[in-house]
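A.B. asks: Protein chains in written order, with this note's numbering: chain R, 1 to 125; chain Z, 1001 to 1175.
What you were told as hints is all true, and nothing was included just to trick you.
Chain Z side only, calculated, beta carbon under 7 Å to chain R, not exhaustive:
#1 N1086
#2 G1087
#3 V1088
#4 Q1094
#5 Y1095
#6 G1096
#7 Y1097
#8 Q1098
#9 A1099
Treat the hints as calculated values from the structure; they're not laboratory data. Backbone N, C-alpha and C define an ideal beta-carbon position, used for all residues, glycine too.
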Amino acid sequence: MGNKILLLGLFVLVLAGCATSTRYINYTDQRYPPKDEFYAINVFPQSQAQTSANPYYVIGKVSVEGLTSDGVSPETLTNRAKVLARKRGADAIINARTEVYHYYYGDQLLRFIGELIVYAPAVSK
Amino acid sequence: MKITLKILFVFLFVSLLIIRPTPSYAWHGRTFVGVNLGVWPGPYYYGYPYYNYPYYSPAYYPDYAVVSSSSYQPVVVNGVTYYLNNGVYYIYTQYGYQAVATPAGVTAPVVQAAAQATVPTVVDTDDSITINVPNNKGGYTAVLLKKSGNGYVGPQGEFYAEFPKVSQLQVMYGK
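Please construct the entire structure, taking both the sequences and the accompanying hints into account.
C.D. replies: Here it is, written out as structure tokens:
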């Protein structure tokens, strides 16, 4: 029984560690206070270009990827990106897209790419 | 057996604790924060897919993905450097790329209709057909095809068993 629990723990640990891989590139040395876990991060796809009417700063680029054989789905990746965005203090993710790479042995690599933005404070005139 | 599993478990746990950060590959030379979990993440190696090289099968040459820092193309307008990304102009500040309005004097690029490459203008005569093939210079190159039996002969003497597609003619006459 003990061995089974150990094996199960080992399996869960391996799965948790290998399911997704996250990368982040800072565009600036500026740091922003993290958002709380209930903050809703909007994700705008690449096809939906943002306008400068609502001024914002692009602070970095996030890339999250994982294999479908590990149970990774586009939603999983998007949620991971949102978690990172909150941690980095971002307000939204723009230019978001999910790339799919097919392997000859049938597996698929999903890669979410997006850029984190913070809205610029309103300028009083 | 139980001790072996325990040792393995502890080893894995410790190895997870001492994971080193992924080194910086960002083109901008800025910080690149990531965690190397030992999973081969994809077919990219320095931005190019392995699949371009027949002997570099991803199954045999695993490596870690390198994500380019940005796709911001610098554009100088009136002496000011803007960065263009996904149709939006930015200026670089200490807070990051700031979205700005399209600079004065910049016109939006004109996207040429894709249909022009698929529907060529065809002029028929008795035994020849002239096709205007779109070329790389933005214009058209007139290609005269002469009927020969059941097929067609091009200006360079090449034979087409069937009426050639524009994409076929572009290979030879679209430059």
